[in-house]
Amino acid sequence: MLLRLAWRNLWRNPRRTAIVLAAVAIGIAGSLLSMAVNYGMVDQMVRTAIETELGHIQIHAVGWEDDPKLERMLADGGRAAEHVLASGPELRASTRRVRVDGLAISARGSAGVAVMGVEPDREPAVSVLRDALLDGEWFGQSRLRAVIGQALADQLEVDVGDKIAVSVQDALGELTGGGFRVAGTFRTSSSDFDRSTVLLRLAEAQQLLALGGAVTEVVAVARDDDEIDALAQRAVKSLGGTAEVRTWSELQPLLLYMVQTFDMMAWYLYAAVFIAMAFGIANVLLMSVHERTREIGMLRAMGMRRGQVIVLVVLESLLVTIVGVVSGLGIGFAGALALRDGIDLSAFAEGLASYGVAPRIAPVLRPSDLLIPLVVAGITAGLASWWPAIRATRYRPAEALRRS
Amino acid sequence: MSELRLAWRNVGRNPRRTALTVAATVFAVLLVVDFTALTRGVHEKMIEDSVRLRSGHAMLAAPGYLAERSLDHFLELDSAMIARLDAVPEVEGWAPRVVGFALVSQDVTSQGVALLGVDPRRESSVTSLPSRVVDGRFLSADAERGAREIVLGKRLAERIGARVGDRVLVYGVAYTLESAYELFTVVGLAQLPDARLERTLAVVAMADLQDFLAFGDRVSEVALLARSADRTEPLRQALVSSLDGLVPAPMVHPWPEVMPDLEQILILDDAGLYIMLAILVVVVGFGILNTILMAVLERQRELGVMLALGLRPSAIFRVVFLESILLAGLGLVLGLGLAIPIGLWMEAHPIVMGEQLAGLSEFMGMEPVITSNLAFSTVWKSALVILVVATVASLYPALKAGRANPVDALRSL
Amino acid sequence: MLLEAVGLVKVYDTRGITTRALDGVDLEIGEGEFSAIAGPSGSGKTTLLNMLGALDVPDAGLVSLDGQDYSSLGAAEQSELRLRKLGFVFQAYNLIPVFSARENVEFVMELQGVPPAQRRARAEEVLEQVGLAGLGEKRPLEMSGGQQQRVAVARSIASRPRLVLADEPTANLDSKTADSLLELMHQLNRDHGVTFLFSTHDPRVMEAARRVIRLQDGRVVGDERKAAS
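Residue numbers (the working numbering), protein chains in the order written: chain L, 6 to 409; chain G, 21 to 433; chain X, 1485 to 1713.
Rather than coming from a laboratory, the hints here were simulated on the basis of the structure. Don't take each hint at face value.
[Unchecked claim] Some residues of chain L that are not near chain X, with every Cβ distance over 10 Å (derived):
| # | residue |
| --- | --- |
| 1 | R9 |
| 2 | G82 |
| 3 | W391 |
[To be verified] No more than 20 Å apart at the CA atoms, straight line, and that leaves these computed lysine to aspartate or glutamate pairs for EDC-like:
| # | chain 1 | residue 1 | chain 2 | residue 2 |
| --- | --- | --- | --- | --- |
| 4 | G | K174 | L | E232 |
| 5 | L | K74 | G | D92 |
| 6 | L | K168 | G | D92 |
| 7 | G | K174 | L | D71 |
[Said to hold, decoys possible] Derived contacts from chain L toward chain X, CB cut-off under 7 Å, selection only:
| # | residue |
| --- | --- |
| 8 | M6 |
| 9 | G93 |
| 10 | M307 |
| 11 | G308 |
| 12 | R310 |
| 13 | P402 |
A virtual CB, placed ideally from N, CA and C, is assigned to each residue, including glycine.
All chains, full assembly: derive it from the sequences and hints.
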């Protein structure tokens, strides 16, 4: 009944309550949406990194992470690693790659690139590179074909069908090179990757680098994000000290930092909005308690304890905040839903692409988007009601009854 | 004047309510001013870092160079052009560069790099590269052509296992499209705020690079330093008119053209900040609205009496409006009184980021130190925003007060 | 003795001017009484009633109910005392405006921890006793002054208190309504043994009361008991 009394008290002055509710709801909806867009951006950054290069898990020869020399290879061609990965249910797909730094040279220019030897038939199950084809085809049938980033093609001033030379240092330390015809060009969300990547067939790359059957890495994706750790753990257990197993977050800790930083930002954002609200809530409660001085005296005369009066005021504060938060979340979720096709930021495409973000950003909502505002709201509502609650009980009942 | 006095008294009537509303405004002003100052500081730092690292405030290059950055587009840095560059007072410093790509290797590990050929005598007048050498030294200014000294990014050196004194093989493609390779002696390792750049930057003497690439006396670009970032536009104008008539005329690109990604990221970041601050200000605006509305509703009877006494509704409207401006103004004055010293204090005491944020700053390519920058424009724009919000928030209560019906008002209590 | 007050003194200090609202009041109220404290305004009636109702603390003197001294009780125990043993009726009705008549009556019982079904039945019962059967779902603002005061009476007796303190219960009512309210309280006293103590300057109340204690300038100046009617 205290709860019912608190609830009805809220609506004694509907206009006043409505304004507080509107402030809370707008604050929450706005924070929710802007955080969702931020998360959408980070999410894309992570996804771009995973889908173009990282995969969920990479397995390298021991020592690769500290010193990625070409001599540190999986000499068995990654067979052991792939066998282990495939022996459990978590794996969606895996593929093998060779990766080395090199130069790409055309008739018009040259560029420093990462040369990646990929398995044309298996790579598409792991990365988006084939889907990102802009022009031409995915290697095709002929020998000695390369697929390169569109930005790189622009820099080298080559088109599909033109020839480029790829210069590398092979496994024996010799400078060597080979000619490849551009079969296709791709554009991913990462301008860095597009500017600096030449894809070759794995076998041809191995030949160019005098690697025999060895590969530098096995890349795997799990069926589901939740299964990445399980997959990695199984690989670590089975491969033991014979290979380095790394998840995407270990390979790119900065991306994880980014995610964590945004989590932190969400707390600060909500805290700032709620502190601003707390003043408004406290103000309204104070007015309402002041207006009800006599009524509170009567409640005390009837035998209500001081603590119960405080609980009543705190409940009123909590109720108005929670109703505001819930409607704010509702508006925010609806807004995120309406924007699920993404916000067009193509005017900022270059800036976004330099961080691996596509120019269309869809807001991403996460469970913590529900949790954080509710927790912060609860705390602020409690704090905001503290002063009014104390004021509500500062008169002795007789005194309160005397006041009008 | 009596209206103002009346409004002022009304504000003082309920000190507790006024205090809470003012406190909310102070909080908003504090966040708006100091957060903008902080962001501004971060952005200027990002610009300055990038500008002082590589591009300069503006860049002189042949038409088409910026899009392709290939050796096909070059400048002839003849005495006529040098004379003109030296003659423009807006130019604080200028440094010519040759830019090529190459593989740098030591033993069996090679790494693709951006090979930057600089004039050791001029470079420090534009960028901080020479001072960023942490091990060994920068290219010597009086080394002979052919000394073939090279400075590597520290991360790059670690990657290929090179140390100061080692000789590394540089392998590239010359202007003539012939292969070129040459041994260079590592004289120094540089630490850069941008980790990506540190992994892929190698600096050699411009003359050596011109020889290596068979580029003759041509240069790829000339980096220009203005007196400060906001003097970039005057610099551009002065240069354009000074270089007018040169054939072929080089293009002058201010830094946003050289680094469009940086400018866009800054704009987006600003947008994010403004959205957050807007939410905050709207929330505080509702607080003001509620306070004024309550004050008006409480005074229905009094307002009725005033109307009955012959006060015009427009006068009542003005009083209520003034009340809300006074309320916001009070918050504004106190808020600025707090925000400005804090902002100045933050400017004097840069924040060194913790480990986690340092990682992020590395990602963003800036040093992990946040120096806030409080601009006068931030202060007056914040003040304007708060006053506009207070004005909007006062409209409804003021209209309501002006429409009070004397008879109803007198009956209502 | 149900209620006993000895040597009650209360001094108000408003901006340096001290007023002795109560200046040594001794009083005993027995079970089943239907008594009135009478006196002109400013005589200290309400102050006395507040002391007797544990709503305020005297500067000197003692009050005890059923032999229990108020000054030995903490704030929470005083609340408990008001909740279990005392009922209040105020001049200005003082109902909770957002609750219906029934909810107003039930609220006290809820504070006492009476189970819902039981308090609902009791609320219906007392509302019927005060002649408001069927009006339980109305909110105070939808009722007349007399009806509101009947709700207040129903609320005060719902938890079967030892004593109901009524501060000028008829002051805001017209004479006809006041009469019928007095009749109601009289009937509750007679049929259900509810002890009432009024403060009043309404001659009708003095007329109805079986004992009239006269108060002037904070002192008892008369105590008149009438023969049972």
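A quick look at each hint next to the structure:
| no. | hint | verdict |
| --- | --- | --- |
| 1 | R9 | violated, 8 Å |
| 2 | G82 | holds, 76 Å |
| 3 | W391 | holds, 19 Å |
| 4 | K174(G) / E232(L) | violated, 37 Å |
| 5 | K74(L) / D92(G) | violated, 33 Å |
| 6 | K168(L) / D92(G) | holds, 18 Å |
| 7 | K174(G) / D71(L) | holds, 15 Å |
| 8 | M6 | holds, 5 Å |
| 9 | G93 | violated, 57 Å |
| 10 | M307 | holds, 5 Å |
| 11 | G308 | holds, 3 Å |
| 12 | R310 | holds, 4 Å |
| 13 | P402 | holds, 4 Å |
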